[in-house]
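Colleague: The lines below spell out each chain.
Protein chains: 2
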Amino acid sequence: MKVTVIGIGLIGGSMALTLKEQGFAEHVIGVDTNPDHIAKALELGLVDEIMPLEQAVDASDLVILAVPVNIAEQLLPVILDRVQKHVLMDVGSTKEGVINLIAQHQKRGRFVASHPMWGTEYSGPSAAISGAFTDKAAVICNQDDSDPDALALVEKLYETLGMHLLYMNAKDHDVHVAYVSHISHITSFALANTVLEKEKEEDAIFELASGGFESTVRLAKSNPAMWVPIFMQNKENILDVLNEHIAQLRKFKSCLEKENYAYLEELIGNANGIKRILK
Amino acid sequence: MKVTVIGIGLIGGSMALTLKEQGFAEHVIGVDTNPDHIAKALELGLVDEIMPLEQAVDASDLVILAVPVNIAEQLLPVILDRVQKHVLMDVGSTKEGVINLIAQHQKRGRFVASHPMWGTEYSGPSAAISGAFTDKAAVICNQDDSDPDALALVEKLYETLGMHLLYMNAKDHDVHVAYVSHISHITSFALANTVLEKEKEEDAIFELASGGFESTVRLAKSNPAMWVPIFMQNKENILDVLNEHIAQLRKFKSCLEKENYAYLEELIGNANGIKRILK
Numbered sequence: 001m002k003v004t005v006i007g008i009g010l011i012g013g014s015m016a017l018t019l020k021e022q023g024f025a026e027h028v029i030g031v032d033t034n035p036d037h038i039a040k041a042l043e044l045g046l047v048d049e050i051m052p053l054e055q056a057v058d059a060s061d062l063v064i065l066a067v068p069v070n071i072a073e074q075l076l077p078v079i080l081d082r083v084q085k086h087v088l089m090d091v092g093s094t095k096e097g098v099i100n101l102i103a104q105h106q107k108r109g110r111f112v113a114s115h116p117m118w119g120t121e122y123s124g125p126s127a128a129i130s131g132a133f134t135d136k137a138a139v140i141c142n143q144d145d146s147d148p149d150a151l152a153l154v155e156k157l158y159e160t161l162g163m164h165l166l167y168m169n170a171k172d173h174d175v176h177v178a179y180v181s182h183i184s185h186i187t188s189f190a191l192a193n194t195v196l197e198k199e200k201e202e203d204a205i206f207e208l209a210s211g212g213f214e215s216t217v218r219l220a221k222s223n224p225a226m227w228v229p230i231f232m233q234n235k236e237n238i239l240d241v242l243n244e245h246i247a248q249l250r251k252f253k254s255c256l257e258k259e260n261y262a263y264l265e266e267l268i269g270n271a272n273g274i275k276r277i278l279k
Numbered sequence: 280m281k282v283t284v285i286g287i288g289l290i291g292g293s294m295a296l297t298l299k300e301q302g303f304a305e306h307v308i309g310v311d312t313n314p315d316h317i318a319k320a321l322e323l324g325l326v327d328e329i330m331p332l333e334q335a336v337d338a339s340d341l342v343i344l345a346v347p348v349n350i351a352e353q354l355l356p357v358i359l360d361r362v363q364k365h366v367l368m369d370v371g372s373t374k375e376g377v378i379n380l381i382a383q384h385q386k387r388g389r390f391v392a393s394h395p396m397w398g399t400e401y402s403g404p405s406a407a408i409s410g411a412f413t414d415k416a417a418v419i420c421n422q423d424d425s426d427p428d429a430l431a432l433v434e435k436l437y438e439t440l441g442m443h444l445l446y447m448n449a450k451d452h453d454v455h456v457a458y459v460s461h462i463s464h465i466t467s468f469a470l471a472n473t474v475l476e477k478e479k480e481e482d483a484i485f486e487l488a489s490g491g492f493e494s495t496v497r498l499a500k501s502n503p504a505m506w507v508p509i510f511m512q513n514k515e516n517i518l519d520v521l522n523e524h525i526a527q528l529r530k531f532k533s534c535l536e537k538e539n540y541a542y543l544e545e546l547i548g549n550a551n552g553i554k555r556i557l558k
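From first to last, the protein sequence lines stand for chains X and C. Sequential numbering from 1 applies to the first sequence in this note's numbering. Sequential numbering from 280 applies to the second sequence in this note's numbering.
No wet-lab data here; the hints were simulated from the structure. Among the hints, erroneous ones may be present.
Stated by the list, open to error - 27 Å max Cα-Cα, derived DSS-like pairs, lysine-lysine:
1. K221/X <-> K386/C
2. K253/X <-> K364/C
3. K477/C <-> K40/X
As the list claims (entries may be wrong) - Computed list of chain C residues with no C-beta within reach of chain X, every gap over 12 Å:
4. L321
5. D337
6. I350
7. R361
8. N379
9. L445
10. E478
11. S494
12. K532
13. A541
14. I553
Just so you know, these numbers come straight off a predicted model, no measurement behind them. Ideal Cβ positions, reconstructed from N, Cα and C, are used throughout, including at glycine.
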């Protein structure tokens, strides 16, 4: 099968690598606007050749749209206009906007909206990893709006990547990822800024940073070109979670201010409930 | 050398294990009030024998106090009263309270206040790990108040554990750890509570949790018996950091509410500055 990957970064590159290794893709065509990324993707063997967007779509059976979600919204209608029997899928972290955008498109059935739940704080083709998606979840949204053969192909792709599939509507997906992904990035960015602000006064502060700090702050390395559009598109859900999170932080603040350590212990005991989820 | 470890948990147990393996400690005596922890520590070979506190102190050259910081404050004066030529060290996450408490004690010089910058979200002797401290930083506070031979022994201990040493006064230490350790735990606890609150309505939410979520929330598994006393003792510093962190989160909130995405990008770009610190 000929596969085009539009956006040869962390996600697109990692997919290309694994799909080639698994024999799912015999030939991978890359599309990218960044000359450095193109050179690196060819050097690393993530893609077999580079083509302009239109030619690449025409030459392939499956098109994977792996660009930031704002660019995905620009490209999706253009690509759908060009699609015949092709299957087109995206991998973005927000789903409702993109789905609403092409809901009435006559080729809607050729599109499968999906979101593989894997990523790192790094970006670009150098960050691509073979086997990255193994044992993670992939979400397919509004699957009834996709043609059965298109859906089946995308399901086979995710199984080839070693992922287990979840199905949900785009609206629920966007609420859930606000809780289990987007807010983690905002807290990490804000924590980095809190500590960097203090560092201006105190050089020595990071000599003490240990594993716990690194764990909660590493997402703050994430690329704004990817995350600003996600926050824009999922603004309402993220604001709900952010308000709740600030309210939860204020409970800790109030416990300290009032020296209410019994309630502090209760708050921490409740947070320990996360052990049910994270083994 | 005979070493007594009071509190055979994550830190005390990991120290005992490595100090025995490295030949620093020929014999390790354990002191603990928890019968399950005693049985487990003996079973895992973390300690050679168990004794009551007074006997253990009398029988050893070096005493490591590795209990929660509130218990450390109770035990420290009691042990110092009993000390002759022994060296006594603590390993707690707050330093000013404990140092002020015994500042005028006639045996003050036998005590070395220290803080090895390593830990995990797990606790108890089963969580102990050999070689855990390698390449991490250990802080020694107010070193001029310790006798030279006591200081030298504790320095040798941390070098045996493979740690590099930092020296600072207790006040600075407590400010720094509020930024690079304590606030990370509060944000993690609060994030866990934020998401667990939502989970009451939405069963499926955690099926989507990926590595980023786990990274920012794993500290929420941490033991309240250890952390409530730390938050109590470092209350003022933590409140300063928590207020700053809530202010930073409000900036993200304001960007979303006002759709000021240029400033949002600036905030994230600034947070990316953490790359200078975390490689």
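Colleague: Mind listing which of the numbered hints don't hold for this structure, in increasing order?
Modeller: Violated hints (numbers, rising): 1, 2, 3, 9, 10, 11, 12, 13 and 14; every other hint is consistent with the structure.
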